[in-house]
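> Residue numbers (our numbering), protein chains in the order written: chain U, 17 to 103; chain C, 45 to 670.
Keep in mind that the hints were calculated from the coordinates and are not lab data.
Glycine included, C-beta positions come from ideal geometry on N, C-alpha and C.
Keep in mind that a hint or two might mislead.
Stated by the list, open to error - With a straight-line Cα cutoff of 25 Å, these simulated DSS-like cross-link-like pairs (lysine-lysine) come out:
#, chain 1, residue 1, chain 2, residue 2
1, U, K68, C, K211
2, C, K111, C, K283
3, C, K255, C, K283
4, C, K281, C, K347
5, C, K111, U, K84
6, C, K539, U, K68
7, C, K211, C, K283
8, C, K530, C, K568
9, C, K281, C, K111
10, C, K255, C, K111
11, C, K283, C, K315
12, C, K568, C, K281
13, C, K111, U, K68
14, C, K293, C, K315
15, U, K68, C, K174
16, C, K283, C, K530
17, C, K92, C, K315
18, C, K530, U, K68
19, U, K84, C, K281
20, C, K255, C, K211
21, C, K281, C, K315
22, C, K283, U, K59
23, C, K258, C, K293
24, C, K530, C, K385
Claimed, not checked - Listed next, the stretches of chain C that the computed footprint assigns to chain U, with coverage defined by at least 3 CB atoms under 8 Å from CB atoms of chain U:
#, region
25, 187-199
26, 203-217
The residues making up each chain are set out below.
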Amino acid sequence: MGSFLKPWLLVPVLAGLLAAGQIWLSHLRYELSLETQALSAEKQIVQGESSKLRLELASMTRPERLRKLAQQELGMAPPSPAQVVHP
Amino acid sequence: MSDKQQVFVRRRIEAVAGLLALGLVMLLVRAVDLQWLQADYLTSLAEKQRYRQFTAVAPRGPILDSKGRTLAESVEIPSIAAMADEVPAERVNELARALGLPSEKVGRKLNKRHGFVWLARQVPPSIARKVMALNIPGVRMETEWRRYHPMGPETGHLLGFVGIDGKGLEGVERSWNAALTGEAGIRQVRRDARGHSLPDGIWLRESTAGKSIKLTTDASIQSIAYAALAEGVRSQKAKGGSVVVLRPKDGAVLAMVNWPGYNPNNYRQHKPGQWRNRAVTDVFEPGSTLKPFSVAAALASGKWQSDSIVYCENGAMQVADYTIHDDHPEGWLDVTGILVKSSNIGVAKMALDIGADPLHDMLTKAGFGLRSQMGLGGESPGIVLSPDRWGPVETANIAFGQGIAVTPLQLAAAFSVLANEGLYVAPRLVEGGMEAPQNVGHRVMDASIARQVMSMLEYATSVDGTGSKAVPVGYRVAGKTGTAQKPDARGRYSKGKYTAVFAGVAPVDDPQLVIVVVIDEPQKSMYGGQVAAPIFRHIAESALPYLGVPAQITNQGQWQAMEIATEAPVFAADSTYGMSLREVRRFAATRGLRLHVRGSGWVTRQKPANVAALNSGEELEVWLNE
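Chain U on its own, in the form it takes in the complex (with noise of 0.2 Å):
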């Protein structure tokens, strides 16, 4: 039994490992890097939609808009300065 384990055959064993890590590694690596182009990809796409949303958000409060809302669906008008008490 014992004169089966001998000392050099732990080099192919090793080698076996370090190539099964090896590929393990390499495996891992390739997954990540879907994971990054997913992740890039999202990220440009929530960009793009953040960009958008801000530019809906400057349309929807330009005062010109306001201005217009105010004055005829809330029967608003531009205070006299002896309105404005705090300023």
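We have chain U; now place chain C onto it with these hints.
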């Protein structure tokens, strides 16, 4: 086996061996051919298959106002393109319908070329989805960046616009194009057999995102100015106009608008002439708005004091072969009176007394005749003749703003000098260190002279002055009106074409705003006091409370103001007769009238008789009796 058979077998073996040898030789030749002769070409083919280059887009940076509100932003939107010869002819109609274009037009585009053609650039995503759902061979969707300016015409001239290829073509977009434009990066990655990218990609060129630019302008004030200018131009049936609003302390441009405006999101529908930011590119004769600087030059010379008096020749004075006229003939006036009554003869006499050089020096130091170096392209330096060409007529004319041309921005920067107690602060448009280097803060006149001129200009907006319509209730304004004849095509002064101007500072005790209003060819009135001053008031009375500057209402306590603010306007009355003191005060306050009360009890007399016709800021005088 006979000999014959043996020979046959041997021959066969030899033939097969020969063929094998030939095959080996051919393999060798092929190997040499592939591995050596064609090596470079084949390597490149393999790399093309394995490697792929991606372009990493870098969107154009946004433009923000001083409070971080978005003034310009780029978004990715679809465009429809096609490989012309791959699109089947029988599906062109279907394609055109989905695009919303006439099928002849689409057909024409497809027949023009064989390869890549744009069918519709920058279309709404809904249309792109509809087109792609048809799944027509050869039709493809590309994405492009499109620039949007949410405030539209209000910021049109100031910001300019961006062409379809992403390059700034006018205004801020053009002048700061380099900073706003990002640089697209190129990344090379290796792909596996399934087409997925492997993780060892390299940047062939790193992408740099476009920088965002923060302007000094305030979207609210910009909007206020645009609305006030539009209303003023329409009511005067004028050709156009410009308004510049500056904060004198740091030269920040708070608003810069022109009328008629154009929508930068749709710039192709307007003529190129309408794209010009006339507040910096176009010059006009400032007329009487230049007089404060002539007076300042006279005071700085030491020959004149604020209480010096001048004989104004009852409205006509001969200088060389030229007669100077005053609109309102006057006799003796002090220096303040000259500004209040806007006497051409008065300032001409003072200018002729001090001579051309001090006046020229004052005007140049105040920024006339020079570009502001604010960074906007197309800025005009204005026209100021060199003093060796100033004879007596020129000196007299320039003193009251004729024979000199300025831009609205220059006039605003010059009035900032008066607001800043004599210090010139160059106007600036961009926050942070992006603007061009400039000569910040040089002294134009002594602080005491600036203060004297300011107080004279405050008189000019009093009830007796030409600029009384510029004063919002509860604020003190220093300003000057101006009216100038426009030159005609032959360089002579035209008969019926005028520029009406008002330039002013508010409030006087702690200047927050310098506003210049220029109205081009008003039809109803030609006077700056009638045309431009009300626009100034409109902007000041909206912008000052917004900036946190309260009105100083002397005849009204805070509790009354609170009450008015919450109360519905109950006074639809046409007259104040019979009202109590409290009622008439409320009446005046709700309508923004300047109230003068005499006596106590109930109103028995009012002036003017028809109070319903009074506008905000006008005066109402009432007499009360027990």
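> Against this structure, judge whether each hint is valid.
Results of checking the hints against the structure:
no.	hint	result
1	U:K68 with C:K211	20 Å, holds
2	C:K111 with C:K283	33 Å, violated
3	C:K255 with C:K283	38 Å, violated
4	C:K281 with C:K347	44 Å, violated
5	C:K111 with U:K84	22 Å, holds
6	C:K539 with U:K68	52 Å, violated
7	C:K211 with C:K283	31 Å, violated
8	C:K530 with C:K568	16 Å, holds
9	C:K281 with C:K111	34 Å, violated
10	C:K255 with C:K111	17 Å, holds
11	C:K283 with C:K315	16 Å, holds
12	C:K568 with C:K281	7 Å, holds
13	C:K111 with U:K68	19 Å, holds
14	C:K293 with C:K315	37 Å, violated
15	U:K68 with C:K174	21 Å, holds
16	C:K283 with C:K530	12 Å, holds
17	C:K92 with C:K315	48 Å, violated
18	C:K530 with U:K68	46 Å, violated
19	U:K84 with C:K281	23 Å, holds
20	C:K255 with C:K211	14 Å, holds
21	C:K281 with C:K315	21 Å, holds
22	C:K283 with U:K59	49 Å, violated
23	C:K258 with C:K293	19 Å, holds
24	C:K530 with C:K385	22 Å, holds
25	187-199	holds (count 5)
26	203-217	violated (count 0)
Hints 2, 3, 4, 6, 7, 9, 14, 17, 18, 22 and 26 from the list above are not met by this structure, while the remaining hints are.
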